[in-house]
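Residue numbers (my numbering), protein chains in the order written: chain Y, 553 to 818; chain P, 553 to 818.
Worth flagging that the hints you see were computed from the coordinates, not collected in a lab. Small disclaimer: the values here were computed from a predicted structure and weren't measured. Among the hints, a few may not be true.
No copy labels: a pair is met if it fits in one copy or bridges any two.
[To be verified] Listed below are the simulated DSS-like cross-link pairs for lysine-lysine, each with C-alpha atoms no more than 30 Å apart in a straight line:
#1 K578 - K644
#2 K574 - K640
#3 K566 - K640
#4 K644 - K574
#5 K575 - K640
#6 K575 - K644
#7 K578 - K640
#8 K566 - K578
There are 2 protein chains.
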Amino acid sequence: MRRQITGFSNPTVKYLRSLRDKKHRKRERRFLAEGLRLLTDARECGHLPQQLVMAMERDPHPLLDALEDAVIAAGGDVIETSADILAKITGKDNPQAVAGVFAEFDTTLAALDRSAAPIWLVAQALRDPGNLGTMLRTGDAVGAGGLILIDDCADPFSVEAVRASMGAVFTQRIAQVRWEDFLPWLRTGPGQLVAASLRDAVPYRGAPYAAPCFILVGNESRGLPEEYELACDLRVTMPMRGRADSLNAAVAGAVLAYEVLASLEG
Amino acid sequence: MRRQITGFSNPTVKYLRSLRDKKHRKRERRFLAEGLRLLTDARECGHLPQQLVMAMERDPHPLLDALEDAVIAAGGDVIETSADILAKITGKDNPQAVAGVFAEFDTTLAALDRSAAPIWLVAQALRDPGNLGTMLRTGDAVGAGGLILIDDCADPFSVEAVRASMGAVFTQRIAQVRWEDFLPWLRTGPGQLVAASLRDAVPYRGAPYAAPCFILVGNESRGLPEEYELACDLRVTMPMRGRADSLNAAVAGAVLAYEVLASLEG
Chain Y
553 MRRQITGFSN
563 PTVKYLRSLR
573 DKKHRKRERR
583 FLAEGLRLLT
593 DARECGHLPQ
603 QLVMAMERDP
613 HPLLDALEDA
623 VIAAGGDVIE
633 TSADILAKIT
643 GKDNPQAVAG
653 VFAEFDTTLA
663 ALDRSAAPIW
673 LVAQALRDPG
683 NLGTMLRTGD
693 AVGAGGLILI
703 DDCADPFSVE
713 AVRASMGAVF
723 TQRIAQVRWE
733 DFLPWLRTGP
743 GQLVAASLRD
753 AVPYRGAPYA
763 APCFILVGNE
773 SRGLPEEYEL
783 ACDLRVTMPM
793 RGRADSLNAA
803 VAGAVLAYEV
813 LASLEG
Chain P
553 MRRQITGFSN
563 PTVKYLRSLR
573 DKKHRKRERR
583 FLAEGLRLLT
593 DARECGHLPQ
603 QLVMAMERDP
613 HPLLDALEDA
623 VIAAGGDVIE
633 TSADILAKIT
643 GKDNPQAVAG
653 VFAEFDTTLA
663 ALDRSAAPIW
673 LVAQALRDPG
683 NLGTMLRTGD
693 AVGAGGLILI
703 DDCADPFSVE
713 AVRASMGAVF
723 TQRIAQVRWE
733 DFLPWLRTGP
743 GQLVAASLRD
753 AVPYRGAPYA
763 APCFILVGNE
773 SRGLPEEYEL
783 ACDLRVTMPM
793 RGRADSLNAA
803 VAGAVLAYEV
813 LASLEG
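Could you put together the complete structure from these sequences and hints?
As C-alpha cells, then:
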C-alpha cells in the first residue's frame, strides 16, 4: 500500500525511529536497513522490506522504482514523507535517503545447513558492530555460509552492523548461540574448528584445513577463553613481527579466511 | 613537575579537553593517548607524554609508577585531578583512566627511510579513524615500516585512531602527503607500488612482490582513482566469491600485507 506521512507525531514515524534502539528492535523482531544500494542488494537476494520509506522530494531512480514495485507487489507498504521527517528516521540529513524495515531472520542453529559452504565464520563475544558487519562482508567475499555469533555479541541487526556488512547481512546466514549449545551441535556432523592462537599452534600458512572449516575469532580485548581454544581441532598462529601480540578481530578472521579459501581450493 | 588540579575551569583542563577536537589538535600539534597499556607501549618505544593526567583516587600500579617517574625525569608534568574532572577530559567515567599528551610526530615524507622495512602500507582518502588505526596495528603485525596517508585521510592522531592502533601509532612511521608529491618521491628510489584492483590484475597469491613493497588501499566507498591504479607497478586481485565486489579497506590491506609478508619471506 502506498501512503504519505506528514506529521512528526505519526505513530509510524515513532515506530521507525524506535528500531534504531536495540530494545525495541528485539521486541518487534524487525530491523532497519538504509540506502538504495543496500536495499537493492537485499531485493536481489530475495529479501524485501515490509515497509519502504523515502522523501517526497526525492530524485527519481530506476532502482528505486523497481524496489517500490516489488514491495507493493509483495503486499508491503511504500511510505512517502517529508525530508525533515525522513531525516528524523534515518538520522541523516539526506533527502535521497531511503530506508526499509525487514523482519529479523531465523538465527537458530537449526536453520543452518553446514554442508552449504566450505567456510563458516564464528565470533565469540564480538562487541563492535562495525567489526561484526565487516566479518559478514568478509564472509560474503570468501564464499562463507554465514557468521555464527557465540555468547554476547553486538547485535547483527543494528544499523551500524548492517551498514558495515555492505549488504552481506542479506547473503550470509547468521546464528546466535551459546557456546554450550554450539559445540555439541558442531560435533553432530563434520566440521573443523580452527582458531588463531599462541597455544600449541602451527603456522597458519599451510596448516591442514578441512571443509567445512569453522574459523573462530575471539573478543576484541580478551581474545578467546582458554577452554574454547582447547576445544578447537586446529590452532594456528600468524606472524607478529612487531610489538603487538594480536590483530583486530575482523582482520584476523579475514586473513585466516583467505588462507583457508586458498588452501581448500589449492 | 607534579601538580594537582581541582577546578573544572582550570585552563589545563580546557586545554586537555580541546585536544579531542581536530582543529585544536592541529593548532597545538599535540594529541591525546589514553590507557595505561597504550602509554606503557609508548614509553617502551621511547615516546613519553609531555603531560600525564590521572585521578587522585586511582589504585596504585607499578606500570603507572614507572610512567610517572619517566615523565618527571624527562621534565614533563604529572597532573593529578578528581575523578570528575578526569571523566570530563577522557570522556569516560573510569577513575583508573590515565591520559597523556604527546607532541605530534614529523609526518613529512622526508622523515621516512624506505629501506628500514620491506613493507609499507599506503592509504588514499581513508576516512574512518577506526580503519586507519587498524591499518597501523596491522602494519606493526607484519613488520611494516609505517603508514603513508595520501590525500585527505582521517586524522591519525585522533583519539579513535590512536585507540584502534593499539599502540602502533608509536611504532609505525606516519606520513601525510598529496599524491602529486608521493609518486615522485616513490620514484626516486626502489619501491614497488601494489594495489588490489580488478583492472588488468594478476591473482594476489603468488604475485611477484618485491621489497620495499608499498601496498596501496583506496577510499572506503570510492576505491582508488583510476589514475592511481594505473601508476601501480603491480595490480592484484583477490577472490570475491559472493555478491560484494570489495572488502573493507583495512581488511583488504591486511590480507594483502600478510600475502606480501609470506611471499617476501618464503
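The hints, checked one at a time:
In this assembly of identical chains, K578 and K644 lie within 30 Å of each other by CA distance both inside one copy and across copies; the values are 23 Å within and 28 Å between. When the C-alpha separation of K574 and K640 is checked against a cutoff of 30 Å, the pair qualifies both within a copy, at 17 Å, and between copies, at 27 Å. In this assembly of identical chains, the alpha carbons of K566 and K640 lie at most 30 Å apart only when taken from the same copy (9 Å versus 33 Å across copies). Proximity of K644 to K574 under the C-alpha cut-off of 30 Å is found in both arrangements, the shortest distances being 19 Å within a copy and 22 Å between copies.
For a Cα distance limit of 30 Å, the shortest separation of K575 from K640 qualifies both inside one copy, at 19 Å, and across copies, at 29 Å. Both within a single protomer and between protomers do K575 and K644 lie at most 30 Å apart by alpha-carbon distance, with minima of 22 Å and 24 Å respectively. For the homomeric pair K578 and K640, the shortest alpha-carbon distance inside one copy (21 Å) is at most 30 Å, but the shortest distance between copies (33 Å) is not. With identical chains, the CA atoms of K566 and K578 are at most 30 Å apart within one copy only, with a shortest distance of 16 Å there and 41 Å across copies.
Of the numbered hints given earlier, the model fails none.
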